[in-house]
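Student: Taken in order, these protein sequences are the chains called A and B.
Numbering follows the working numbering, with no gaps: position 410 of the first sequence is 410.
Numbers in the working numbering are just positions in the second sequence, counted from 1, shifted up by 482.
For the record, the hints were derived by calculation from the structure and aren't laboratory data.
Note that CB positions come from ideal geometry on N, CA and C, so glycine has one too.
Treat the hints loosely; a few may be bogus.
One side of the interface only, derived from the structure: several residues of chain A facing chain B at Cβ under 7 Å [claimed, not checked]:
(1) I69
(2) F130
(3) E137
(4) P153
(5) L156
(6) M160
(7) R161
(8) L164
(9) L171
(10) L174
(11) A182
(12) I184
(13) L271
(14) L354
(15) G359
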Amino acid sequence: MTEAALAGLVFLPLLGACLLLLVPRQWRTALVLLVVVPLPVLLLPITAVVWQQQAVQMAVAGHALPLGIVWRVDALSLLLLWLNAFLLVFVGLQALTRFPPATPAGLRFWPLWLLLAAGIHALLLSADLFNLYVTLELVTLAGIGLIATSNRPAALQAAMRYLLLALMASLLYLLGVGLIYAEIGTLDLYEAGNLLEPGLLPATAMVLMITGLLVKAAIFPLHAWLPAAHGNAPGPVSALLSAIVVKVSIYIVWRLWFWTAEGWPMPALELFLGLLGAGAILYGSALALVQKRLKMVIAYSTVAQLGYLMLIFPLASLLAWQAAGFHLVSHGLAKAALFVAAGNILASLGTDRLRRLAGLDQRLPLDVFTLALASVSLMGLPPSGGFIGKWLFLQAAWEQGAWGWMALIALGGLLAAAYLFRILALTCFHPRSHGHSSRLREPPSRASLAGLLLALAAIGLGFASAPILTMLASAWPGVIAP
Amino acid sequence: MSSAVLFVIVAALLFGIGVYGLIIAGHLLRKLFAINIMGNAIFILMVAASGPLDGKPDALPQALVLTGIVIAVSATAFALALMVRLYQLTGQASLHNNEGGDD
């Protein structure tokens with residue numbers, strides 16, 4: 001039952017992507033729904049097992065290592081699987097209005113969307129270094145293909161730059177994998193942890209892999225490709241890219257750091273990674289304050305918020321672990337809501353230049369409300385999900401007397417409030433200027449509803465934190481390490 | 483042992499050429515060539531590490547390299563298609579710095 005569900009997570013979207021290209025036009029919408037809607041249902045039996053046994057493991061098609069593929073799910077991967085399922089359903093609701101599957105644009109969009117879903121699922125299930133490489137490549141290529149569906153020169157330029165950097169990054173990662181295999185003769189993420197001894201070669205391999213992944217995760221100062229790529233992609237694509245695609249690279253860094261390289265003495269590197277995070281928070285927030293377009297503000301906010309995920313390295317405690325995991329999910333939901341709303345606004349006005357957004361609250365109340373709700377979570381006001389994540393980070397820093405990190409986290413929240421209030425003030429408190437007689441195309445109500453539901457989920461996460469934190473605690477490698 | 487060293491030196495040289503090309507080249511086609519050269523350097527290194535140093539070679543790295551080649555080919559094909567589309571739209575096959583884009 002669990003094994004069938006795991007296989008379904010990967011092969012259902014993959015099959016759907018292929019079939020979409022074959023079936024008659026009028027069946028395409030039904031096919032998309034048939035693939036996306038069951039995904040959360042497939043997660044239920046897996047969740048039940050992980051809740052009881054902490055982890056599920058299976059050898060795909062019964063082939064054992066070393067040539068077979070082993071899948072492993074623990075609470076961390078499960079949490080990301082849930083986030084992904086949520087995003088696929090709700091962001092998909094907007095994508096259905098923006099790219100109706102029966103149209104030629106829909107035919108370009110939906111196979112890639114499903115391929116991306118399959119890639120993310122396969123990545124989260126993978127338990128060996130090489131499969132992570134293959135699936136990460138799948139995720140990147142599908143994601144860049146989705147950016148390119150926009151067909152505007154700016155988007156294609158951004159997609160190309162992203163692609164070149166991503167290809168280089170995967171080569172760095174692959175080089176690291178090759179070195180590790182040459183050293184210990186295994187690719188299993190967890191077994192490698194037992195076999196690898198700290199030394200020059202494993203350390204080199206680890207640095208190569210992590211550098212490659214940080215490029216893909218757009219961690220400051222390797223973030224240069226992200227704002228243009230996420231800011232120019234079509235609305236639903238931006239949402240998915242910012243909410244989950246960049247995070248899966250961080251997820252692999254966590255796996256490498258806390259499982260494979262567990263217990264290596266690397267205090268300088270820990271601090272360095274934390275400082276990168278600090279740089280991301282300050283730099284991303286500062287640039288978000290000066291952007292002229294709504295989607296660019298949100299994209300730079302992603303650069304900033306990704307920085308928090310790096311604070312786990314210097315803090316490295318159970319509390320910080322829960323904080324990072326929770327922040328990952330709550331940011332994913334809030335950011336998806338922001339991008340969905342921004343996509344609706346852009347489609348309605350034909351522009352997302354900030355000075356054209358004055359007085360928008362009277363014209364697109366639902367989308368502006370979504371922006372406001374998601375902002376509440378992103379800047380970390382109680383009782384939202386974002387608040388819990390940042391509060392746990394503060395507690396973790398307090399526990400260790402790390403005053404510098406505490407100040408940084410507080411400042412990051414303040415800066416987030418500044419750049420988000422700048423948008424809200426413009427849309428809600430500035431009268432509409434008369435120079436622009438831009439006509440307004442109402443966004444489809446389903447698209448606005450999609451954003452609203454995501455924003456509500458980002459807030460509601462604050463009330464459902466207990467089970468998530470319990471599960472995250474069970475995945476903390478300090479607890480389950482054999 | 484000396485042949486292994488030769489492999490490693492060749493791989494290191496190729497990798498360096500690739501990185502240099504990726505940074506220096508303006509035309510996207512050249513950048514793609516550079517990335518492919520870097521990829522080949524890594525494949526050589528992986529094959530050399532599995533090499534028949536003492537008896538029979540290890541099959542797994544060879545399988546990995548094969549998979550890597552398939553991925554490199556498909557990624558390159560995708561990048562070429564993207565480059566052609568970019569050329570059709572802008573008349574140029576190179577990258578510029580216009581981050582925010584126009585609306």
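Student: Decide, hint by hint, whether the structure agrees.
Tutor: Hint-by-hint comparison with the structure:
Hint on A/I69 is violated. Least Cβ distance to chain B is approximately 12 Å, over the 7 Å limit. The restraint placing A/F130 at the interface with chain B holds, with a minimum CB-CB distance near 6 Å, inside the 7 Å limit. The closest approach between the C-beta of A/E137 and any C-beta of chain B is roughly 5 Å, which is under the 7 Å cut-off, so the hint is satisfied. The criterion of a C-beta within 7 Å of any C-beta in chain B is met by A/P153, whose closest approach is roughly 5 Å, and the hint holds.
Evaluation of the A/L156 hint against chain B yields a held restraint, the C-beta minimum of about 5 Å falling below 7 Å. Because the smallest distance between the Cβ of A/M160 and any Cβ of chain B comes to about 6 Å, under 7 Å, the interface hint for this residue holds. Using the Cβ-Cβ criterion of 7 Å, the hint placing A/R161 at the interface with chain B is satisfied: the shortest such distance is roughly 6 Å. At a threshold of 7 Å, the smallest CB-CB gap from A/L164 to chain B is about 6 Å, leaving the interface hint in force.
Annotation: A/L171 was flagged as interfacial toward chain B, and the flag holds, the nearest CB pair being 5 Å apart, inside 7 Å. For A/L174, the shortest C-beta to C-beta distance to chain B is roughly 5 Å, which falls under 7 Å, so the interface hint holds. Given hint, A/A182 at the interface with chain B, holds; its Cβ is 4 Å from that chain's nearest Cβ, closer than 7 Å. Because the closest C-beta pair between A/I184 and chain B is about 12 Å apart, greater than 7 Å, the hint is violated.
The interface hint given for A/L271 is broken, as the beta carbon of that residue sits about 28 Å from the closest beta carbon of chain B, more than 7 Å. Among the interface hints, the one on A/L354 is violated; its C-beta lies about 11 Å from the nearest C-beta in chain B, farther than the 7 Å criterion. Among the interface hints, the one on A/G359 is violated; its C-beta lies about 18 Å from the nearest C-beta in chain B, farther than the 7 Å criterion.
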